[in-house]
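S.K.: The residues making up each chain are set out below.
Protein chains: 4
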Amino acid sequence: MMIVMKEGATEEQVKRVVDRVESVGCSAHVSKGDVLTVIGAIGDRDRVAALGLEGTDGVDHLVPILKPYKLASAQFRKGERTVIDVDGRRVGGDDFALIAGPCTVESRDQTLEVARVVAEHGASMLRGGAYKPRTSPYSFQGLGENGLRYLAEAREETGLGIVTEAVDVETFDLVEHYTDCVQIGARNMQNFSLLRRAGRSRRPILLKRGMSSTLEEFLMAAEYILAEGNYNVILCERGVRTFADHTRNTLDLSVVPAVQSLSHLPIIVDPSHGTGKRDKVLPLSLAAVAVGASGLIVEVHPTPEHALSDGYQTLDPGQFAELTSSCRAVAELLAARHFSGRELH
Amino acid sequence: MMIVMKEGATEEQVKRVVDRVESVGCSAHVSKGDVLTVIGAIGDRDRVAALGLEGTDGVDHLVPILKPYKLASAQFRKGERTVIDVDGRRVGGDDFALIAGPCTVESRDQTLEVARVVAEHGASMLRGGAYKPRTSPYSFQGLGENGLRYLAEAREETGLGIVTEAVDVETFDLVEHYTDCVQIGARNMQNFSLLRRAGRSRRPILLKRGMSSTLEEFLMAAEYILAEGNYNVILCERGVRTFADHTRNTLDLSVVPAVQSLSHLPIIVDPSHGTGKRDKVLPLSLAAVAVGASGLIVEVHPTPEHALSDGYQTLDPGQFAELTSSCRAVAELLAARHFSGRELH
Amino acid sequence: MMIVMKEGATEEQVKRVVDRVESVGCSAHVSKGDVLTVIGAIGDRDRVAALGLEGTDGVDHLVPILKPYKLASAQFRKGERTVIDVDGRRVGGDDFALIAGPCTVESRDQTLEVARVVAEHGASMLRGGAYKPRTSPYSFQGLGENGLRYLAEAREETGLGIVTEAVDVETFDLVEHYTDCVQIGARNMQNFSLLRRAGRSRRPILLKRGMSSTLEEFLMAAEYILAEGNYNVILCERGVRTFADHTRNTLDLSVVPAVQSLSHLPIIVDPSHGTGKRDKVLPLSLAAVAVGASGLIVEVHPTPEHALSDGYQTLDPGQFAELTSSCRAVAELLAARHFSGRELH
Amino acid sequence: MMIVMKEGATEEQVKRVVDRVESVGCSAHVSKGDVLTVIGAIGDRDRVAALGLEGTDGVDHLVPILKPYKLASAQFRKGERTVIDVDGRRVGGDDFALIAGPCTVESRDQTLEVARVVAEHGASMLRGGAYKPRTSPYSFQGLGENGLRYLAEAREETGLGIVTEAVDVETFDLVEHYTDCVQIGARNMQNFSLLRRAGRSRRPILLKRGMSSTLEEFLMAAEYILAEGNYNVILCERGVRTFADHTRNTLDLSVVPAVQSLSHLPIIVDPSHGTGKRDKVLPLSLAAVAVGASGLIVEVHPTPEHALSDGYQTLDPGQFAELTSSCRAVAELLAARHFSGRELH
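Residue numbers (our numbering), protein chains in the order written: chain A, 1 to 345; chain B, 1 to 345; chain C, 1 to 345; chain D, 1 to 345.
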């Protein structure tokens, strides 16, 4: 932590800050300039933060230097990337994950139909919500356990892994029982009780970035899961909230290489929620592959026009086939050029 | 819902949309212009939304017309304002609520000391976190039930009502047991399971606006609580996330009159989190009173420099005394001018 | 400037940075911690920035320490506040400025009529656009010099000072000739050629904050004007662009005390553009007075429904009378309490 | 324009709105629902807007239906895409433009050296600022006409086209004289006088999106240029301002397909300013190609560490060579798959 003193801060004020920094077992290095004095507090960031030095006489502001995440940091794995094994399907490293399916599990037939379509076109996992976080209490909230059963049946038939969301601690056990990978949604990215429960799960976790989450907060949310002992976390960019109104959210693809340089965890992209518009899903999927994402999660429905939720951002089977084949081609090209060692499978 | 057709949409396409709107029991009114055709779908907004018409051939976009909240709307109470009774203390209507206390309950002594100070200066309730949602898993997470006990003891001694946060369904019962008003924090504004639990509570709920929540989402979160039967919801503006970096959040005071024109629920303001800077708390408190807020919730600590969290935005007792007296004066002036019938007490 | 080295940066890399910092005449102070090394570069910020050290081997990132503005800083006037004299009317310090008038000068009659109304209710200056920056090339762009003449005629009759916008260097001379105070609009806040021209003007300048301007950029825009020799700059908050959609812009009242602690320049507030909604103008005006603004600039029209632009955010004469009287009362109350020495006149 | 009436609006109020709409030559279609009445005003949007109906008794809000841009719209060219000819180099359609060079023209040697490097690696044009819009009045503002001369000399030697920025109307003639394509920077996107001057230019214009510009405002800025008769406008996405802090701006790649569906104008991407970080330029360039951009504009410097501005986001020659070859490969792959007919040359 750097402590920047105000112009005109006195010797006395500087000394008092140094004393307080040292009182919590950190060391203080004073740099005096012609105009400003800056104190470097080296040691445990939390302890220095807890001193509440902002607001102390003579202190202008504090600048954090060290990153607050440890287990999620690239340094923790000494630069090696984590590859998550979702019951035999790999996400990260040499592998590209294609997760597809309906926004919401609506019925047994719909679920099996989509599962067959996405399996045929090379998806590695099936997504679909059995519990849905909905802005309105009057909207359809999902089929619950029945939805989970349909997903499990689809896995039996197609061999696809299953990704579905857990919206609270109460239903986490049930979701964990049926699924191969548990999703934590954007609205719950800072639901710390849910994150801790995910950290005690035996399943890999797909953690979506919150709508106004900084990169640091995103990695700290992952840190909550890792700190409880579950090291299998897949991050997912799904668009952030901005003033821009031509898409529902603004897909922030720069976060992909940013995560890759700060963390060992794999990151995938959700172009369906990230744009909220069907005709933007293909170009942004290609862009996500090109920027280096370890996978995609996209919404597919046999008849998007009849989808009970988010139909306007959902691909039909033909569009999904086009997406798969194009993204595969770009991923292979980049792998061949050693941009990444990823293969699409 | 208005359905705006694309330029050049065919008669056939228009007819198909009309048929689908009518198929879910709504009526469709077609307006044909020289360039565009617009279809007004009158009836249940959710049903029309569920049709997924965006993406249908010939449809350009949909414009929602009706507000999706019902119980939270001003119409529901026919323009009358709700006054919440927090065990004898009134929030809303003629009354101005002053809620003050430490960010975090740190010890019995600190809690009692702050309680005495804020009671002396006219606060109606004591705030303080026993369970803290913290960005880092390594930060102090609160004293838990012990913290709740200290708050209850402070109530015994001072007569102040207690407001404290419930961070999850698991600990809600305990919080509800000790406190007079349960706070739902900004990070949990769309934690729908927690909102539903709050809706089944016998305590009034203080609901904070999420960091990137629109006004509609804010009122929909309240609607979740109301829909379960708890009509005692106090809304709270606490700053939103923007590019601006001179305060920690950007306090959006315009949401106060906006809520007052759309909803019957009272709204208060948190200038401590809303600015994140001690020297901005007083001017923004005055502004919040002037804009018509039904109350303030502010952080006070006997020695802010030693606070375990958020010390840099916390007032000391002297600053709080100044705030109380100034805000009281402004509130009385405006009440006398019939801007509102509020009295500070 | 603080230069934060990467974890594992070598002695060699640290030395190279130190050498480069010293090569431009600055001094370098090295703080070595257990994990990180930080180098404080003390001296001319621009020279250090020009070294382009970000990207150098071993460097993680740079943290600017010193503020880049000099003439606009509070230090420059040693804490004394600047009071601007607009041909006898004072803005800042003990004085509260009330600037009112139509968005656009539409005709001689309309201009004189509004001028009489706002003069009667205690405005100190008349606003009104003769040159209008419009999003669409097909929208009415203002009456030009005729508009300026009507404003001048209104001054003759009412004694009000005139504030009107200069949209480019080409027409600046003309605007400067007719008006008492030249406005630079939000869209031109970083039109540096226009700022330099304003800096060579003999008129006070009303500088509006850009729609996505940080506080530092805002003060740097003022610095451009001051650096050319014109020290009479009035700052104006008029709302920033965010995701929030219940007002046209999000009025950031926290910038008022933030400017007052960093700069000697006065700052006023525009609640008309800041909210874009007529029924929000009065509450946000009261809030602006309470937060400590040195004045208001509001839109008034004899018949807002017939205004050629921005009618939906414009007050009618009765609403303006109510605003004046209420804001005056709040300003007097706060002055009496020594929050500021302002008087409304 | 749709005019949504308030719940409980009277027949009388509806009739008054209809009369006013018809009074300006538009037709009004009334849709009465159980709860709401909506009036479709069909005709000139500007005339209806000028009525200022928002704020009229009984009116809740207005919803614009028609797009306000005409010449920039896809309909204007009946779906055909515009290909801009920059003195023999084509931008848009089958062609992919690679514009590269230093942020700022610093000297004759540096300019020629970069020009040779970027020409060798297949750039079609050379970028470089002779007039620089700088946040600080104390920063280096560019070499002016000398800079333009060095660019012209580089063109002589390498055959590259020249793109450089005009920052004001005063120096536009000079810039136009030396360059092949005139850039309008992000800060000037709504400098309407400059846009009109660009509209009277005989040179193609590269128009950068403003930092908080919506898509509609961006296309309206282009409309200003087109409306003056210059149809050769290349749009450029360069990142928008958000809360995210891991890149300097948030590159909004979704705007590329959004522009392509609404406008006939080509759009390119600036990943250098769009990220502000050297190590993010390559991945985001690949993403920009994949999303369908018609070109890239990137910063290259022989020794980025010594660049006078923006060195931290500037590629060295080796990095540029890698970028060119990789982007070329992705562009060719996509062209072969008929995503676009673009060829890199």
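Fair warning: there could be bad hints in the mix.
If several chains are the same, the list does not tell them apart, and a pair holds so long as it fits within one copy or across any two.
Unchecked claim - Only pairs whose alpha carbons sit at most 35 Å apart, straight line, appear in this in silico DSBU-like list of lysine-lysine:
1) Lys78 to Lys6
2) Lys32 to Lys6
3) Lys78 to Lys67
4) Lys67 to Lys32
Just so you know, the hints here were simulated from the structure itself, not pulled from any lab data.
S.K.: Against this structure, judge whether each hint is valid.
M.R.: Structure-based check of each hint:
1. In this assembly of identical chains, lysine 78 and lysine 6 lie within 35 Å of each other by CA distance solely across copies; the values are 14 Å between and 39 Å within a copy.
2. Taking the closest pair of Cα atoms, lysine 32 and lysine 6 come within 35 Å of each other both inside a single copy (12 Å) and across two copies (23 Å).
3. Taking the shortest Cα distances, lysine 78 and lysine 67 sit within 35 Å of each other inside one copy (15 Å), while across copies they are farther apart (37 Å).
4. Both within a single protomer and between protomers do lysine 67 and lysine 32 lie at most 35 Å apart by alpha-carbon distance, with minima of 25 Å and 17 Å respectively.
When the structure is compared with the earlier hints, no violation turns up for any of them.
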